[in-house]
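Participant: To convert, note that position 162 of the sequence shown is 162 in the numbering used here; the numbers rise steadily by one, no gaps.
FYI, nobody ran anything at the bench for these hints, they're computed from the structure.
On a predicted model such as this, the values are computed, not experimentally measured, just so you know.
It is possible that part of the hints are untrue.
Distance condition first, Cα-Cα at most 35 Å in a straight line; then the derived DSBU-like pairs of lysine-lysine [claimed, not checked]:
1) LYS149 / LYS235
2) LYS153 / LYS143
3) LYS153 / LYS235
4) LYS153 / LYS191
5) LYS115 / LYS143
6) LYS115 / LYS230
7) LYS143 / LYS191
8) LYS310 / LYS115
9) LYS115 / LYS191
10) LYS230 / LYS153
11) LYS230 / LYS149
12) LYS191 / LYS6
13) LYS6 / LYS143
14) LYS6 / LYS310
15) LYS230 / LYS310
16) LYS6 / LYS230
17) LYS6 / LYS153
18) LYS191 / LYS149
19) LYS310 / LYS191
20) LYS149 / LYS115
21) LYS191 / LYS235
22) LYS191 / LYS230
23) LYS235 / LYS115
24) LYS115 / LYS153
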Amino acid sequence: MPQLTKARATEILQALRDVYVVVLGDVMLDEFVWGDVTRISPEAPVPVVDVRRESVHLGGAANVLANLVALGAHGSVVGVIGNDGTGERLRVGLRELGTYDDSLIVDETRPSTTKTRIVAHSQLVVRADRESRAPVSAAIEEKIVSCLKDELKRADAFVVSDYDKGVVTPAILREILPVAYEQVPVLVDPKLRNFNFYRPATLVTPNHFEALRMSDSEDHSDDGSHHAAKVIREKLGCDAVLITRGDRGMMLLGADGEPVYVETAAREVYDVTGAGDTVIATLAGALATGATMIEAASLANHAAGIVVGKVGTATATASELLDSFAAN
1 MPQLTKARAT EILQALRDVY VVVLGDVMLD EFVWGDVTRI SPEAPVPVVD VRRESVHLGG
61 AANVLANLVA LGAHGSVVGV IGNDGTGERL RVGLRELGTY DDSLIVDETR PSTTKTRIVA
121 HSQLVVRADR ESRAPVSAAI EEKIVSCLKD ELKRADAFVV SDYDKGVVTP AILREILPVA
181 YEQVPVLVDP KLRNFNFYRP ATLVTPNHFE ALRMSDSEDH SDDGSHHAAK VIREKLGCDA
241 VLITRGDRGM MLLGADGEPV YVETAAREVY DVTGAGDTVI ATLAGALATG ATMIEAASLA
301 NHAAGIVVGK VGTATATASE LLDSFAAN
């Protein structure tokens, strides 16, 4: 694919400072418990983790917004929280980003989603989830749609970050996607449950395994990725499909039907947590500035290469992103 130069990346990132991106999706809190393992429990054959520190990060759709802010953009996230301490921590986290938290809708019937990861010697030992995956009620759907319509009035791009936790529903997608698509680039990080409802969209970004399931395929080769992207594009009628393929980089399929393969920019992979959030955030920001699909994919690939080199939920800053390019 054509090489994205550092000069062009600089132009995109400078323009991104004036961009406002609206994110819809499952907001969550990512908790990390860090420690060391030196012994096995006498109670069961499991490691005993000596806790050294703890950290908390915005996760899910909130992490998409955190990535956008780290790159210099502005935006908001429309999501659902419970009336609990985790929900308040999510509000505080958004305020610390410098963004508003009034687009978080409280649902008294469900808990705020929390993922707690216990990590020892940079290796994930276990993850505990507190969540409800049931679809939100019709009353909450109405509140989400109303909030989104207000937010889209000032948007330069729209992202659907579907983590299959019940906030993104067919009814919301049917109501909002046609409106958004008429105004701005629409990007979807999909899940299988809502697959048939991601229309219309500018770009759909499944990972490799999701793409194979969505296309009913088991072919893990480059040709398999190409076939999966074609099937997804035909079924959804979206403008383009970008498949993230881990250490094999990305594959972009646009209107011309020719696949574009983007080699991974990662030097060493420590943790893929949140890498998909980084990819779609960078894609959305770049497309909002008027960058081409290939330029956006290249920039997103560099950003993903940075965050997988960090442990835990992470973001890539604009300066880190520019430093990842050779001087040219």
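Participant: All hints are to be evaluated individually against the structure, with a verdict given for each.
Facilitator: Here's how the hints hold up against the structure:
no., hint, verdict
1, LYS149 / LYS235, "26 Å, holds"
2, LYS153 / LYS143, "16 Å, holds"
3, LYS153 / LYS235, "29 Å, holds"
4, LYS153 / LYS191, "27 Å, holds"
5, LYS115 / LYS143, "25 Å, holds"
6, LYS115 / LYS230, "34 Å, holds"
7, LYS143 / LYS191, "22 Å, holds"
8, LYS310 / LYS115, "18 Å, holds"
9, LYS115 / LYS191, "18 Å, holds"
10, LYS230 / LYS153, "32 Å, holds"
11, LYS230 / LYS149, "31 Å, holds"
12, LYS191 / LYS6, "34 Å, holds"
13, LYS6 / LYS143, "42 Å, violated"
14, LYS6 / LYS310, "22 Å, holds"
15, LYS230 / LYS310, "33 Å, holds"
16, LYS6 / LYS230, "31 Å, holds"
17, LYS6 / LYS153, "32 Å, holds"
18, LYS191 / LYS149, "23 Å, holds"
19, LYS310 / LYS191, "25 Å, holds"
20, LYS149 / LYS115, "30 Å, holds"
21, LYS191 / LYS235, "15 Å, holds"
22, LYS191 / LYS230, "17 Å, holds"
23, LYS235 / LYS115, "33 Å, holds"
24, LYS115 / LYS153, "33 Å, holds"
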